[in-house]
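Trainee: Okay, here's what each chain looks like letter by letter:
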Amino acid sequence: MNTRAAKAKPKAHVNGANDKQEFLELYRQMCLIRQFEEACGEQYSRGNIRGFLHLYIGQEAIAAGVMRSLRAEDYVVTHYRDHGHALARGLDTNRVMAELFGRATGLSKGKGGSMHIFDAAKGFMGGHAIVGGQLPLAAGLALACQYKGTGGIAVVFFGDGAVNQGVFHETMNLAAIWDLPLLFFLENNLYGMGTAAERTRAGGVDIYPIAGSYGIEAAMIDGMDVLAVREATGEAVKKIRAGEGPKFIEAKTYRFHGHSMADPARYRDHAELDYWLSRDPLKSFPKMMLDRELATAEELAVVRKSADDEVASAVKFSLESPPPAKSELFTDVYA
Amino acid sequence: MPTMTVIEAVRDAMRGEMRRDPRIFIMGEDVGARGGVFLASEGFLQEFGESRVIDTPLAESSIVGIALGAAVNGMRPIAEIQFADFVWPAINQLVGEAARVRYGTGGRKTAPIVVRIPYGGGVRGGLYHSQSPEVIFAHTPGLRVVAPATPYDAKGMLISALRGDDPVVFFEHKRTYRLVRGEVPADAYMEPCDKAEVKRPGTDLSIFAYGLMLHYALEAARLVHEQDGISAEVVDLRSLRPLDTETILDSVRRTSKALVVQEDTPAVSVGSEVAAVIAEHVFFDLDAPVMRVAPPEIPPMPFSPLQEAAFMPSPEKIAAAIRELAAI
Ligand SMILES: Cc1ncc(C[n+]2csc(CCOP(=O)(O)OP(=O)(O)O)c2C)c(N)n1
Ligand SMILES: [Mg+2]
Numbered sequence: 001m002n003t004r005a006a007k008a009k010p011k012a013h014v015n016g017a018n019d020k021q022e023f024l025e026l027y028r029q030m031c032l033i034r035q036f037e038e039a040c041g042e043q044y045s046r047g048n049i050r051g052f053l054h055l056y057i058g059q060e061a062i063a064a065g066v067m068r069s070l071r072a073e074d075y076v077v078t079h080y081r082d083h084g085h086a087l088a089r090g091l092d093t094n095r096v097m098a099e100l101f102g103r104a105t106g107l108s109k110g111k112g113g114s115m116h117i118f119d120a121a122k123g124f125m126g127g128h129a130i131v132g133g134q135l136p137l138a139a140g141l142a143l144a145c146q147y148k149g150t151g152g153i154a155v156v157f158f159g160d161g162a163v164n165q166g167v168f169h170e171t172m173n174l175a176a177i178w179d180l181p182l183l184f185f186l187e188n189n190l191y192g193m194g195t196a197a198e199r200t201r202a203g204g205v206d207i208y209p210i211a212g213s214y215g216i217e218a219a220m221i222d223g224m225d226v227l228a229v230r231e232a233t234g235e236a237v238k239k240i241r242a243g244e245g246p247k248f249i250e251a252k253t254y255r256f257h258g259h260s261m262a263d264p265a266r267y268r269d270h271a272e273l274d275y276w277l278s279r280d281p282l283k284s285f286p287k288m289m290l291d292r293e294l295a296t297a298e299e300l301a302v303v304r305k306s307a308d309d310e311v312a313s314a315v316k317f318s319l320e321s322p323p324p325a326k327s328e329l330f331t332d333v334y335a
Numbered sequence: 001m002p003t004m005t006v007i008e009a010v011r012d013a014m015r016g017e018m019r020r021d022p023r024i025f026i027m028g029e030d031v032g033a034r035g036g037v038f039l040a041s042e043g044f045l046q047e048f049g050e051s052r053v054i055d056t057p058l059a060e061s062s063i064v065g066i067a068l069g070a071a072v073n074g075m076r077p078i079a080e081i082q083f084a085d086f087v088w089p090a091i092n093q094l095v096g097e098a099a100r101v102r103y104g105t106g107g108r109k110t111a112p113i114v115v116r117i118p119y120g121g122g123v124r125g126g127l128y129h130s131q132s133p134e135v136i137f138a139h140t141p142g143l144r145v146v147a148p149a150t151p152y153d154a155k156g157m158l159i160s161a162l163r164g165d166d167p168v169v170f171f172e173h174k175r176t177y178r179l180v181r182g183e184v185p186a187d188a189y190m191e192p193c194d195k196a197e198v199k200r201p202g203t204d205l206s207i208f209a210y211g212l213m214l215h216y217a218l219e220a221a222r223l224v225h226e227q228d229g230i231s232a233e234v235v236d237l238r239s240l241r242p243l244d245t246e247t248i249l250d251s252v253r254r255t256s257k258a259l260v261v262q263e264d265t266p267a268v269s270v271g272s273e274v275a276a277v278i279a280e281h282v283f284f285d286l287d288a289p290v291m292r293v294a295p296p297e298i299p300p301m302p303f304s305p306l307q308e309a310a311f312m313p314s315p316e317k318i319a320a321a322i323r324e325l326a327a328i
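Read top to bottom, the protein sequences are chains P and B.
Start counting the first sequence at 1; every next residue gets the next number (our numbering).
Start counting the second sequence at 1; every next residue gets the next number (our numbering).
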């Protein structure tokens, strides 16, 4: 069983009232993602969402914690497990859900689906279904930021499976030699589909040391601790904006469900799952807030309710949205 | 005779050949502990052990490249690409390297690898889980490219591929995996990897198809026979490289009309080649222009269910084309 990340103690740097709003916001985002994903699972079993669906449940602290340090001019690129990143980046919940339903009101008019959430207005340059395919794209976005002097940076999310692709190493090297404003964010949930990272990584399950061989500064953090994620990202982003070149963060995390809806995840043992469930950020974070009297139970309940309502209306919006017109089949092929 | 689905036939062929030939091993993502995403190698890890059922890191170019190297050194690897859509990182290893081993070594070395590739749409897979990239390989001299459609062919052709000395790109339509069931002999047998087959004889026109489209074409042929009395011959191409021109031309000579059905977009495709071969060799036997049923020229495949249906050929669309062609 793999419980490596447990060692890092939650860091709660609490500075009074200012933090209260911020913490409630982090909690709101995590609740929104969790509720959204639960609803997706349900809509999938009802046949309203079809195809391949990868839930982010368990990893919410990462998306929520990272996005707080980003600005409008920054870019976010991710893989197919992308709903959480999209929601935390502030994409419209209704239109994300409608995309999953394949409706005309979806962010890509229903052409992309769950794995290809995209919103240029938010600098959200996609969900990408080809593992590792998003990495050089993110470096290209960062290169253009640098070239144009916009001050923007790019953040690219990827999993422990993606680091086995050659393109990962190519991108690390290029980003390093060109000092690209790029944050590599590795969500190491210990498995790529059914394959445990420790069976496929020469250096073991900790991956961040690879970055050192490219001269890229790297940190390893507890991905179940939203404050640790926020803090590490804040530091890395500050340095990237200051022109120090790419940075690398590895967050240890866990997906509570199978790889996709088709995966019962029999390759993981119960003790391991139970261990990670016991570290659920949607339990530990509100508990910390209560323990430190940063929020009352009522305040937390209000946050949860607002997330639930937002998701319920996104489902309703999607169900009521029309499918794309057949003529849409032929649009968006060439300039 | 036992009946099996396509995926069971694939599994049966691999299991039997692995028992027979210790040079055969399987490598790919999740082929071991999980038995493959489509369960093609379910139970293999237990039977054959880790040295012959190898879970690889997520790295397609290495999966195919290492299989190739091992093949050149006397092994008979089966490389599994999870979905056809993920084969692009391995293109260099297949098109650039495997295809040229025999020619480039003046015949002294061969590259007997079998690369199994589940492909095709109609599964709500959207842009990256639905593609039919067979033409890239079918364009490449030095590779053999096959796409069996039935359990019988899947088993027999996979056994031939594993016993042959050439690199074979073995396309399995993932929608057929559990949809199509048929009789399959329990013992080993070889179906040729370079022969088309008439799956339904007919006299009015010839339909050429492969993979899932074969089943749609058969369904359409049944429909028009019942409703319109049209006798359509259905030819299963099975081998995309080499194309079995003899069987194709023979059929057109008899029926004088040709309809090509495919799931890949039509421009510069397997269907284009079938049409070209017909035009070159039996032009004066034709009573009508060659017709095609294929998706529109847009990147495959839209996710939205209705659009996916609009993209994919269907038995109804094929039946409509048959009626049109028959009326000429
Ligand atoms: C190039 C490529 N190969 C294989 C796949 C199939 N596949 C999809 S996700 C996945 C595992 C990826 O694991 P990881 O990068 O750790 O991300 P996680 O799913 O754990 O978030 C695999 C093998 C793919 N989409 N693309
Ligand atoms: Mg992973």
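Hints in this document: simulated from the structure, not taken from any laboratory.
One or more hints might be untrue.
Part of the chain B face toward chain P, derived, beta carbon under 8 Å [what the hints assert, rightly or not]:
(1) P185
(2) Y189
(3) A288
(4) P299
(5) F311
(6) P315
Estimated spans, in silico, between C-beta atoms of each pair [as the list claims (entries may be wrong)]:
(7) P:E73 - B:T110: 30 to 36 Å
(8) B:L306 - P:V333: 14 to 20 Å
(9) B:R108 - P:H169: 31 to 37 Å
(10) B:R23 - P:K239: 50 to 56 Å
(11) P:A271 - B:E47: 24 to 30 Å
(12) B:E42 - P:T331: 39 to 45 Å
(13) P:L277 - B:W88: 16 to 22 Å
(14) B:E47 - P:E38: 46 to 52 Å
(15) P:E73 - B:W88: 27 to 33 Å
(16) B:P299 - P:P209: 52 to 58 Å
(17) P:A72 - B:S51: 39 to 45 Å
(18) P:H270 - B:P2: 33 to 39 Å
Every residue gets a Cβ at the ideal spot worked out from N, C-alpha and C, and that includes glycine.
Trainee: For every hint, state whether the structure bears it out.
Mentor: Outcome of the hint check:
1. Interface hint at B:P185: violated, since its Cβ lies 31 Å from the closest Cβ of chain P, which is beyond the 8 Å cut-off.
2. For B:Y189, the interface hint is violated, the least distance from its beta-carbon to any beta-carbon of chain P being 33 Å, above 8 Å.
3. Taken as an interface hint, B:A288 does not check out: its beta carbon lies about 27 Å from the nearest beta carbon of chain P, beyond 8 Å.
4. About 7 Å separates the beta-carbon of B:P299 from the nearest beta-carbon of chain P, less than 8 Å, and the hint is met.
5. Interface hint at B:F311: satisfied, since its Cβ lies 7 Å from the closest Cβ of chain P, which is below the 8 Å cut-off.
6. Annotation: B:P315 was flagged as interfacial toward chain P, and the flag is violated, the nearest CB pair being 19 Å apart, outside 8 Å.
7. In this structure the hint that P:E73 and B:T110 lie 30 to 36 Å apart at CB is violated, the actual value being about 55 Å.
8. Between B:L306 and P:V333 the C-beta distance comes to about 18 Å, which sits within the given range of 14 to 20 Å.
9. The hint said 31 to 37 Å for the Cβ distance between B:R108 and P:H169, and at roughly 34 Å that hint holds.
10. Roughly 53 Å separates the CB atoms of B:R23 and P:K239, a value that falls within the hinted 50 to 56 Å.
11. One distance hint, 24 to 30 Å for the beta-carbon pair P:A271 and B:E47, holds here, with the actual separation near 28 Å.
12. For B:E42 and P:T331, the hinted distance range of 39 to 45 Å is satisfied, since their beta carbons lie about 42 Å from each other.
13. Separation of P:L277 from B:W88 is about 37 Å and departs from the stated range, judged on CB atoms against 16 to 22 Å.
14. Checked against the hint of 46 to 52 Å, the pair B:E47 and P:E38 fails, with Cβ atoms roughly 39 Å apart.
15. Under the hint 27 to 33 Å, the C-beta atoms of P:E73 and B:W88, about 32 Å apart, fit the expected range.
16. Taking the beta carbon of each, B:P299 and P:P209 are about 39 Å apart, not inside 52 to 58 Å as hinted.
17. Distance hint check: the CB atoms of P:A72 and B:S51 are about 54 Å apart, inconsistent with the given range 39 to 45 Å.
18. One distance hint, 33 to 39 Å for the beta-carbon pair P:H270 and B:P2, holds here, with the actual separation near 37 Å.
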